[in-house]
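Visitor: Residue numbers (our numbering), protein chains in the order written: chain A, 764 to 1230; chain B, 244 to 353.
Source of the hints: derived by calculation from the structure; they are not laboratory data.
Any given hint could be a false lead.
Stated by the list, open to error - 16 Å max Cα-Cα, derived EDC-like pairs, lysine to aspartate or glutamate:
#, chain 1, residue 1, chain 2, residue 2
1, B, Lys349, B, Glu260
2, A, Lys979, A, Asp1063
3, B, Lys349, A, Asp921
4, A, Lys840, A, Asp921
5, A, Lys845, A, Glu961
6, B, Lys314, B, Glu288
7, B, Lys328, A, Glu789
8, A, Lys979, B, Glu260
9, A, Lys845, A, Asp921
Said to hold, decoys possible - Coverage of chain B stretches by chain A, computed from C-beta distances (three or more under 8 Å per stretch; other residues unrestricted):
#, segment
10, 297-303
11, 322-333
Computed from a predicted model, the values in this text were never measured in an experiment.
Beta carbons: idealized from backbone N, C-alpha and C, even for Gly.
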Amino acid sequence: MVSSSSLSGLGTHGWRAPMDCLRASEMCNQNPQCSSRFRIMRQCLVGRDRTTMLANKECQAALEVLQDSPLYDCRCKRGMKKELQCLQSYWSIHMGLNEGEELYETSPYEPMHFSDEFRLASIISAMDSALSKGNLCSDTGKPCNPCLDAAKACNLNDTCKRQRSAYIATCNRATPITHNQEPCNRKRCHKALRQFFERVQTEFSYPLLFCSCRDKACAERRRQTIVPACSFEEKVKPNCLELRRTCRSDPLCRSRLADFHMNCQTTPHSITSCPNDNYHGCLVSYVGLIGSDVTPNYVDANHTNITISPWCSCRGSGNQETECEAFLRDFRENACLRNAIQAFGYGADAGFLPITESQSVVPSERPNLQPAIITKPVISSNDIKPVDSACVFSTCANLKDGGQKCSPSNSFECADESMLDPNMDGSIDSMDSHQSENNRARQSSASPASVSAVTVILSITLVSQVL
Amino acid sequence: KRTKRAKNGSKVCSLQEEEVTVSQLGLGYISDETVLFRYCSGRCEASRRNYDMTLAILKRNSKLIKEDLKKAKHRPCCRPTAYDKNISFLDNQSRYHTIHEVSARKCGCV
């Protein structure tokens, strides 16, 4: 498959199916000429900006040769194996090709298409949302909170629940050593967030992030999705261009940012304001930024007007003020991004359609929207009747009295369970202190109840183990 | 599923599940988030050992026995043998919490 044929033969034909950069660098390494230039190029790029690099004759020559190699056209896949290595290969050439300080860079990722999978998903979800539409937000008089529904759907899916708990636990935990300075381990939190969005089906993860809100409580829950206290906010707000520089020194962040710029760039001539009218592409690349240095989030719990931004400002930009504003505008005032988020959350709900959008486009432009989750909560919130839920606990682990009368059939098992051992505090302490680190302001009335309930349940566990 | 469970009282010990809100868990957290609570339920007669028989007979027959022996359980009990590690949620005051071992993962007659 991999041949060592001439460099030019493998060159710039790859527009349709670009080779991945791992394979491209493999092929290059099998060709003595290519591999030596590739090596030179990588040395050229170490710690140098573009102008000083191109001043060097040898570097320039290497770049020219490599432009004819498969490395020139190669791309990487999102979430591929060895993604980071692939991206490193990509940038080892493209750092030299791109202008160092230019606003936008070419994305190293394969262009996003509506794959067949997504077409299918959009058809199914269109049916789903059509079915559930009548019930949406109108059941049982409860306030409508699609973000809460999204959390429910996630909790009922084992993978989503596990991964969500993992990043919440990581991002919510104060590190013991740096306890007084840092609220959490930001690096680990970012990694856990990236894992969550990589490993959990978008069917579950996206509704958590892009749910539609009609009140503040919902919008606050949406804002809290990525645990912003750890993953987003910092004590100081850096200058946005400084943040971009930090991001561009890291191949992954640099790639995700370039990808965001490519897929969420406001496009004046398209109906949706998005490149190729591809909402899905924009959302995917937006999510790709979460867990990077330029992690974006909702800036407040405003439910009528969405504002997205990374944690940076344009204060102290000096003569680069204009460029900084342009960078920030791509987040804060991005019609494509805003339309894409609203289209996801609200579906074809006419009240929330962007003004520039025509009705006829909407149905086909809803890839992966309104997934099946919407149908579930409607059923199950009615399902949990008070009587049922009281009986949930009536296994042999009855809480003293209460339970007995609602467990007619299993009175046989453990019916004489009455003894509660109070000596089982060790694990409770560690658990509770864990929680209280993060919940200083928890309702004082809640805490004693919490501890005693935990005591009861753990004691019962002990009792059964003794038996 | 529900009706079958209701009429069938002789189901053997197994994992069951119920959707409940975090508030309903009764641990003092106030959150409308729904979680899946898995619990153990069912009969354990098949797992009775000679130990259980002897204990039952002793308790029934002897009048002058120690207090401890009277309290001893002579039936195996359907209990979790493994728990779900943890579950995290956002409470109604927008604070995250993680609770450990609140839901069963495996059941057994012990």
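Visitor: Now tell me if each hint is right for this structure.
Guide: Results of checking the hints against the structure:
1. As the CA atoms of B/Lys349 and B/Glu260 are separated by approximately 12 Å, the hinted pair is consistent with the 16 Å bound.
2. A C-alpha spacing of about 10 Å is found between A/Lys979 and A/Asp1063, which places the hinted pair at or below 16 Å, so the restraint holds.
3. Taken as a hint, the B/Lys349 and A/Asp921 pair is honoured in the structure, with Cα atoms around 15 Å apart against an allowance of 16 Å.
4. Taken as a hint, the A/Lys840 and A/Asp921 pair is broken in the structure, with Cα atoms around 27 Å apart against an allowance of 16 Å.
5. Distance restraint check for A/Lys845 and A/Glu961: the Cα-Cα separation of roughly 14 Å lies within the 16 Å cut-off, and the hinted pair is therefore satisfied.
6. A hinted pair counts as satisfied when its Cα atoms are at most 16 Å apart, and B/Lys314 with B/Glu288 does not qualify at roughly 19 Å.
7. A C-alpha spacing of about 43 Å is found between B/Lys328 and A/Glu789, which places the hinted pair above 16 Å, so the restraint is violated.
8. The suggested pairing of A/Lys979 with B/Glu260 is violated, with an alpha-carbon distance near 32 Å, which exceeds 16 Å.
9. For the suggested pair A/Lys845 and A/Asp921, the alpha carbons sit about 26 Å apart, so the restraint of at most 16 Å is broken.
10. For the segment 297-303 of chain B, the proposed coverage by chain A is not satisfied: 0 residues have a C-beta within less than 8 Å of a C-beta in that chain, short of the threshold of three.
11. Closer than 8 Å: that is the beta-carbon criterion, and the segment 322-333 of chain B has 8 residues meeting it against chain A, so the requirement of 3 holds.
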